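Enquirer: Those letters in the sequence shown? Residues -17 to -1, 1 to 561, by mature numbering (1 follows the signal peptide of the UniProt record, and there is no 0).
Be a bit skeptical, because a hint or two may be false.
Derived DEER-like restraints, expressed as beta-carbon distance ranges [unchecked claim]: (1) T263 / I118: 39 to 45 Å; (2) W478 / R374: 20 to 26 Å; (3) D450 / H502: 18 to 24 Å; (4) T386 / V476: 35 to 41 Å; (5) S101 / R217: 21 to 27 Å.
Derived BS3-like pairs: lysine-lysine, alpha-carbon spacing no greater than 25 Å straight-line [said to hold, decoys possible]: (6) K394 / K130; (7) K73 / K156; (8) K80 / K309; (9) K80 / K142; (10) K95 / K130; (11) K309 / K394; (12) K216 / K77; (13) K142 / K156.
Note that these hints are calculated values from the structure, not bench results. Nothing here was measured: the structure is a model prediction, and the numbers come from that model. We put the beta carbon where it would ideally sit given N, CA and C, even for glycine.
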Amino acid sequence: MLLSEVTLLSLVSLCLALWPLPQEFNHGNTTVWLASSVEFSFQPTVADGGAEKKNIISTYIDLEEIFDFFQTSWLMKNKTREKLIPSVSKIVKKAIKRTGAEIFSSKFVPWKFHPRNSSFEPALDGRDAVIRQVIIKQASTYQSEAKIRDFVHEEESYKIEISATGEATISTKTAIGTVRALQTFRQLFYVHSSGPGVYTPFAPISISDAPKWAHRGINIDISRNAYTSADIKRTIDAMASAKMNRLHIHATDSQSWPLDIPALPSLAAKGAYHADLIWTSSNLSDVQMYGLERGVSAFLEIDMPGHTGSIGYAFPELVSAFLADKWQEYALQPPSGQIKLNSSGVNEFLDKLMADILPRVSPFTGYFHTGGDEFNLNTYLLEETVRSNNRDVLKPLLQAVVTRLHDAIRKAGLTPIVWEELVTDWELSLSTSSTEKTDVIVQAWRNSSAVKLLLDRGYRTIFGSGDAWYLDCGHGTYINPKRGSVSVKDPFVDWCSPYKNWKHMYIYNPLEGIPGKLHHLVEGGEAHMWSENVDPVTLTVDLATLRLHPRRFFGAVHEPLIRYMMLHPDLANGVSVL
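Using the sequences and the hints, build the whole thing.
Expert: As structure tokens, this is what we get:
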């Protein structure tokens, strides 16, 4: 048992230097410095098997940059001012430049990694080994006819070799592998506290890495409290540093509709909290492109048919039980309201909504989330042509809405994602009309037991339920109690209390009880930051230190930790030493 605890502590000590811990990390204790004039020599393999004649170094100027400089509105698609989507090669070049800039602008002195008052820094005058060039060998280039959004879903493996004399090589198979390698490379270096100098104390270094999970995500709710695109970009930066790759943007809810839909301009104009809090088309594309450049696919969730009360501010005729006085009868939280299920007007609205939003997001992501959770039956007692809360009556109507949405999503070349209830509670058909095999990805959220149930039914599944990975839990309900209330009473806790601290999150094993034959269906995991009790201030300044950012690495750190625990099951018993 003691041996297991010591082994776990050694695992954690490596995480302090690299986050997340690579699959293989071998290192020495020789100091190697990084020259301030270091060149990053990018050598992708071209179609004929040779290397490109020109190396792309950190100070390159190429035709793409010149083109960007002289871009004017008449060069834009649809004559807008939005930039054309860059090539994958340009994304890699920008990642190279960003890596160099981040390394030399860092102020990270690793004093916390060493005993109190110890002399751990190398002598500034003893720079025998210096990295003057970093060679990046990428085994393949991205095919121009492929969609740029899909490069983030290619193989992410990479290798990094740094010798004790200063030779540095990065080897990858794909562009996204290069982006991931650069994110690791920058974490190898520290700043000297007594003068100019960037160094790594770990040479020689040999790293070989690849992710366990395809989906390594965070869900941010921008509807209950308002967030700007700058707020979300900061989260993307944090995700990228930990090689998390999917940003789930819960864009709309009953509380507000901040998402601008040009085909339905009154939707955000009346549904957002304020005109200044609307996400314009350019805000959205800017965030998605920002994510793509950092290896993060940002996709939207428009939750339906539940959680749609905010549509009623612009189109009250489309919403049943909108702003009902007794909201507890028609919703789990105020305000109440859901789109009608048996309405030609709703069908026209959904068609127009999808025709507007799907072409705008599809260049940047392969996914679109349609929700499907917390569907309130009593709402439809108030719908004129339904007048029922009977599941047998409502199920075919719900099926028709979901099928309509998913047909549009598939037509746009995207993969639908839904919450677990559509499978576990309603047993809807989520397959296409032409095949029994479904392409839909299902998210488990209420408890971890749902994961196996979804896998047993053949669905690709995302784990990250409220009992493990809800980051906003444990801070109490935000709903004010009413006299005689039975649902909101002392001690006023939220449904998913207690608070999920980092130790609890790290020992969560989503594969517990899942037979090996189903592992291929596990898409990955996602943490959730719902915003009833969170806003941009608490996310990035105050409670962020307690909630998201120290735990932002969980999804990526979880991979090697869970991989290690599968080899050493007794480690779970020793995690208390942390």
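Enquirer: If a hint holds in the structure, say so; if it doesn't, say that too.
Expert: Status of each hint after checking the structure:
1. T263 / I118: 39 to 45 Å: holds, 42 Å
2. W478 / R374: 20 to 26 Å: Roughly 23 Å apart at Cβ, these two residues keep to the hinted range, so it holds.
3. D450 / H502: 18 to 24 Å: holds, 21 Å
4. T386 / V476: 35 to 41 Å: Holds: the Cβ-Cβ distance is about 38 Å, inside 35 to 41 Å.
5. S101 / R217: 21 to 27 Å: violated, 34 Å
6. K394 / K130: With a Cα-Cα distance of about 16 Å, the restraint between K394 and K130 holds, given a limit of 25 Å.
7. K73 / K156: Holds - the C-alpha atoms of K156 and K73 are around 17 Å apart, at most 25 Å.
8. K80 / K309: violated, 57 Å
9. K80 / K142: holds, 19 Å
10. K95 / K130: Violated, because 44 Å separates the two Cα atoms, which is more than 25 Å.
11. K309 / K394: violated, 40 Å
12. K216 / K77: holds, 16 Å
13. K142 / K156: holds, 10 Å
Checked against the numbered hints above, the structure breaks hints 5, 8, 10, 11 and satisfies the rest.
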